[in-house]
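Asker: Knowing the structure of chain A, use the given hints to seat chain B on it.
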Amino acid sequence: MIIDDHVHVHEWSFQAGDREFEVDYVVELMDEWGVDMAVIMDSLAYIGLDQRASNDHTRDAVNAYPDRLIGFANLKPPQGIAACRDEAARTVGDWGFRGIKLHPQVDRYPLNDRALVYPVIELALEYDVPVWVHTGHQPNATPTLMGTLARDFPEAKLIIGHMGSGMFYDAMWVAKRHRNVYLDISLQGGHAFGAACEEVGAGKLLYGSDAPYASPGSMKRVVEESALSAADKALVLGGNAARLLKLAVAEAA
Amino acid sequence: MERWTDTSVCLGHPEWPLQAEAGALLNAMDGAGIGEAWIFGYDAVATHAFAQSNENVRRLAAQHPDRFVPIGLVNPFHAFPAVDELLDQGFKSIKILTGWGNWLTIGNVRRVVVPIARTLQQRSLHLSIALEGNVPVTGGSTFLPVIVREACPEACIVLDHCWLPSAWEDYLALAQDDRDLWFALHSLPQALLTRVVRELGLERIVLASWLPETDPDLVYGQLRRAAGIGGDELAAILRDNAARVLRGQQPRRPADPKKG
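Here the protein sequences come in this chain order: A and B. No gaps in the numbering here: position 231 of the first sequence is 231 in our numbering, and each next residue is one more. No gaps in the numbering here: position 212 of the second sequence is 1212 in our numbering, and each next residue is one more.
Simulated from the structure, these hints should not be mistaken for lab results. One should not assume that every hint holds.
[Said to hold, decoys possible] Calculated pairs, DMTMM-like style, for lysine to aspartate or glutamate (alpha carbon to alpha carbon, straight line, at most 25 Å):
(1) A:K233 to A:D36
(2) A:K157 to B:E1132
(3) A:K246 to A:E126
(4) A:K157 to B:D1177
(5) A:K246 to A:D31
(6) A:K157 to A:D31
(7) A:K176 to B:E1150
(8) A:K176 to B:E1154
(9) A:K176 to B:D1180
(10) A:K246 to A:D56
(11) A:K246 to A:E155
(12) A:K176 to B:D1177
(13) A:K176 to B:D1232
(14) A:K176 to A:E122
(15) A:K246 to A:E224
(16) A:K176 to A:D152
(17) A:K176 to B:E1132
[What the hints assert, rightly or not] Covered stretches of chain B (in silico footprint by chain A; criterion: 3 or more residues with CB under 8 Å from a CB of chain A, positions within the stretch not fixed):
(18) 1166 to 1173
(19) 1206 to 1213
[As the list claims (entries may be wrong)] Per label pair, the in silico range of CB-to-CB distance:
(20) A:D152 to B:P1254: 17 to 27 Å
(21) B:R1247 to A:M1: 51 to 61 Å
(22) B:V1135 to A:E20: 28 to 38 Å
(23) B:E1150 to A:R108: 32 to 42 Å
(24) A:R243 to B:R1110: 29 to 39 Å
(25) A:G190 to B:G1033: 24 to 34 Å
(26) B:G1101 to A:A82: 44 to 54 Å
(27) A:G190 to B:G1101: 13 to 23 Å
(28) A:R243 to B:G1221: 25 to 35 Å
(29) B:F1080 to A:A82: 52 to 62 Å
(30) B:G1033 to A:Q79: 44 to 54 Å
(31) B:P1014 to A:A64: 57 to 67 Å
(32) B:S1166 to A:G190: 23 to 33 Å
(33) A:D60 to B:L1192: 51 to 61 Å
None of the values given here were measured: they were computed from a predicted structure. Even for Gly, the Cβ is constructed at its ideal location relative to N, Cα and C.
Just chain B, with the same shape it has in the complex:
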């Protein structure tokens, strides 16, 4: 069985709380061949108790250091010193939730997201930006990573939760302009996913099922079809990509396959 690294898994979930408990997640991970999951306390979007959710994540990752990588969430209105504290505790990234609260303005991107990106970059860590949910992001699909990139040209940035199929024309256009962006892929219509993989290249992709929001088997099966290679080979490539992201590195360029 393949051994996947899944870069977005929810510990706690407002809509599927039972499936997002630690035991259920471990069972699901074993069933789907997920060796390592990057986990965040998604119940905070409902409880707004970010500190408690992050603490749940920290404890679980400490109990299973070989299975979970802790990812922090913060209330954008109170991002600091929470970001520094989380990173001091061993969290490996901060995930920006664009869909939570009503905070996403240009000013707040500059006041909140850019300083977070800089802090992560200083520690050789990556910034994860969770974009559209079932509705588009207010103001557009691309301005947030563009503003962060302008301010932090060397930052390691992952675009995650790009759920809306209709937004992918914009993401692919953005990907042409910013070749250092990583993309976390999940389930999409197969024809679109195949096109996305072809245009991005496997070098820029990590997996993100958002378990329990989608079935990891479905995501992995779709990606195997899109990539047109065997599961073991694909899982190895994507594990390697995920390891680069964890080190805060940019994607490999096709021309220098062994660099880094």
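Extracted from the complex, chain A is given alone in its bound form:
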């Protein structure tokens, strides 16, 4: 079971006629690269639109491919905890989304902001779902600040998106120090992935592509061609995600 933990869909396109963010095209990409399931997050939220519209679109995509796509809810803490609470109830509670996505860089808030972010982590604990956070941009979206969250919420399941981007060593040390932190490896390369396998271990690494911004094949190939054992490759490519997302395939394995 190959699970990509980071894929986007959205309704707008960079130029007329582009299909690359349409859900049908994203599933074609998954087929091309042998990806069985993918966590999707609509990208409308990143261009300033309302989190509800964004999550509506994610719901439509999941409904179109319920056996292939897993929804994560975009939440925007600056819109207020009441709005986030309503949105979590709608998306996770009613629709069965399996996680929360935060993007402190585009929404311009520090990830360790107690007033804005901590109530959202409490929501994730309430629904027992992981929180996937975009990281790689100072000052707001860094792996070190994820460490502060991990320290203050040791029971929360936190995913450092893109393994910190350029701050990949920081991300590894946060994951080493905190048992509740996982690393999404999307957009990384062979050196960082190899170091993460050695330092953090395959049990906390999640294959992700950030498709269609990047090909699902690029990081998949890095994992497949790495020195990991077959069992560890299976963990990174899907086993860890299945367990984290409490998918039925994880229980069957």
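Answerer: Same frame as chain A, but now just chain B:
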């Protein structure tokens, strides 16, 4: 006039060579009220002649023992026995230059920086880590001191050259987790510097202008505003902090002001 201890001053500088000559530095120090400067041969980042730059520092400090404290720089690929030799000659610390060369990996931190930290700790000296320049450190802002601290829990570590304002959220988070870290402060946007001083506390701060990279008057003026106390009082606190660092001691905790 206040008498400051400036913990980072460059003897020799690729971009400002004239301002980084000994005479120019002494004049600038007199003008800014710097009683004591911790000096290192920064021209080595361009010449790669670390031994020569360190020798220039040693000679200057020997000529003016009341004004200069010699700090050594080493090529990370050839750190030993250079570190031991420098310390035997009287150098008071080694400053790690993260921005020089292309050496900063986890493996090299363990192979190079951790042994340097241990060597310094055995001699009751401090390790100085110069972090971001105008670009972030490859791999992140905090992993280097975290790895060193894991390996050397009692080491005296100063984070220096934390230039990037955007990296300070990470430094402040790191400071919460490692309360024994010292921070060398320089010019920053005033609101940020004020917040940094408030969150760190004066007990964990030393001054570091990186003369001639920044104007010491500016740094000291900003710090006075951030601390909200008089220049003489602030200079005395920071001189005392610098003296603790030179002895390889951890920062005082607010609860035990007279200890050590």
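Asker: Each of the hints needs a verdict: does it hold here or not?
Answerer: To see whether the hints hold, each was checked on the structure:
With a C-alpha separation of about 15 Å, the suggested pair K233 of chain A and D36 of chain A falls inside the 25 Å cut-off, and the hint holds. Distance hint between K157 of chain A and E1132 of chain B is unfulfilled; the C-alpha atoms sit about 31 Å from each other, more than 25 Å. Using a Cα cut-off of 25 Å, the hinted pair K246 of chain A and E126 of chain A holds, with the two alpha carbons roughly 15 Å apart. Between K157 of chain A and D1177 of chain B, the direct Cα distance comes to roughly 20 Å. Compliance with the 25 Å bound is thereby established for this hinted pair.
Only pairs whose Cα atoms come within 25 Å are accepted, and K246 of chain A paired with D31 of chain A is accepted, the gap being roughly 23 Å. With a C-alpha separation of about 29 Å, the suggested pairing of K157 of chain A with D31 of chain A is violated against the 25 Å cut-off. A distance of roughly 12 Å separates the Cα atoms of K176 of chain A and E1150 of chain B; the hinted pair therefore holds under the 25 Å criterion. Proximity of K176 of chain A to E1154 of chain B is assessed by CA-CA distance (about 21 Å); at most 25 Å being required, the pair is judged to hold.
Proposed proximity of K176 of chain A and D1180 of chain B is supported: the alpha carbons are some 21 Å apart, at most 25 Å. With a CA separation close to 23 Å, the supplied pair K246 of chain A and D56 of chain A stays within the 25 Å bound. Restraint check for K246 of chain A and E155 of chain A: the C-alpha separation of about 16 Å stays at or below 25 Å, so the hint holds. At roughly 15 Å between alpha-carbon atoms, K176 of chain A and D1177 of chain B fall within 25 Å of each other, so this suggested pair holds.
Restraint check for K176 of chain A and D1232 of chain B: the C-alpha separation of about 44 Å exceeds 25 Å, so the hint is violated. Proximity of K176 of chain A to E122 of chain A is assessed by CA-CA distance (about 23 Å); at most 25 Å being required, the pair is judged to hold. Proximity of K246 of chain A to E224 of chain A is assessed by CA-CA distance (about 24 Å); at most 25 Å being required, the pair is judged to hold. Restraint check for K176 of chain A and D152 of chain A: satisfied, since their Cα atoms lie roughly 16 Å apart, inside the 25 Å limit.
Taking the CA atoms of K176 of chain A and E1132 of chain B, the gap is about 23 Å. The hint holds against a cut of 25 Å. Check on the segment 1166 to 1173 of chain B: 6 of its residues sit with their Cβ under 8 Å from a Cβ of chain A, so the three-residue criterion for coverage holds. A stretch counts as covered by a chain when three or more of its residues have a beta carbon under 8 Å from one of that chain; for the segment 1206 to 1213 of chain B and chain A the count is 0, and the coverage is violated. Roughly 22 Å separates the CB atoms of D152 of chain A and P1254 of chain B, a value that falls within the hinted 17 to 27 Å.
About 58 Å separates the C-beta atoms of R1247 of chain B and M1 of chain A, a value consistent with the hinted range of 51 to 61 Å. For V1135 of chain B and E20 of chain A, the hinted distance range of 28 to 38 Å is satisfied, since their beta carbons lie about 32 Å from each other. At about 33 Å, the CB distance of E1150 of chain B to R108 of chain A agrees with the hint of 32 to 42 Å. Between R243 of chain A and R1110 of chain B the CB atoms are about 31 Å apart, so this pair conforms to the stated range of 29 to 39 Å.
Roughly 52 Å separates the CB atoms of G190 of chain A and G1033 of chain B, a value that falls outside the hinted 24 to 34 Å. Checked against the hint of 44 to 54 Å, the pair G1101 of chain B and A82 of chain A passes, with Cβ atoms roughly 52 Å apart. Against the hinted window of 13 to 23 Å, the Cβ-Cβ separation of G190 of chain A and G1101 of chain B comes to about 22 Å, which satisfies the hint. At roughly 56 Å, the beta carbons of R243 of chain A and G1221 of chain B sit outside the given window of 25 to 35 Å.
Distance hint check for F1080 of chain B and A82 of chain A: the Cβ-Cβ separation is about 60 Å, which falls inside the suggested range of 52 to 62 Å. One distance hint, 44 to 54 Å for the beta-carbon pair G1033 of chain B and Q79 of chain A, holds here, with the actual separation near 51 Å. Between P1014 of chain B and A64 of chain A the beta carbon distance is about 59 Å. The supplied range of 57 to 67 Å therefore holds. Taking the beta carbon of each, S1166 of chain B and G190 of chain A are about 28 Å apart, inside 23 to 33 Å as hinted.
Judged by the Cβ atoms, the range 51 to 61 Å given for D60 of chain A and L1192 of chain B is violated: they are separated by roughly 43 Å.
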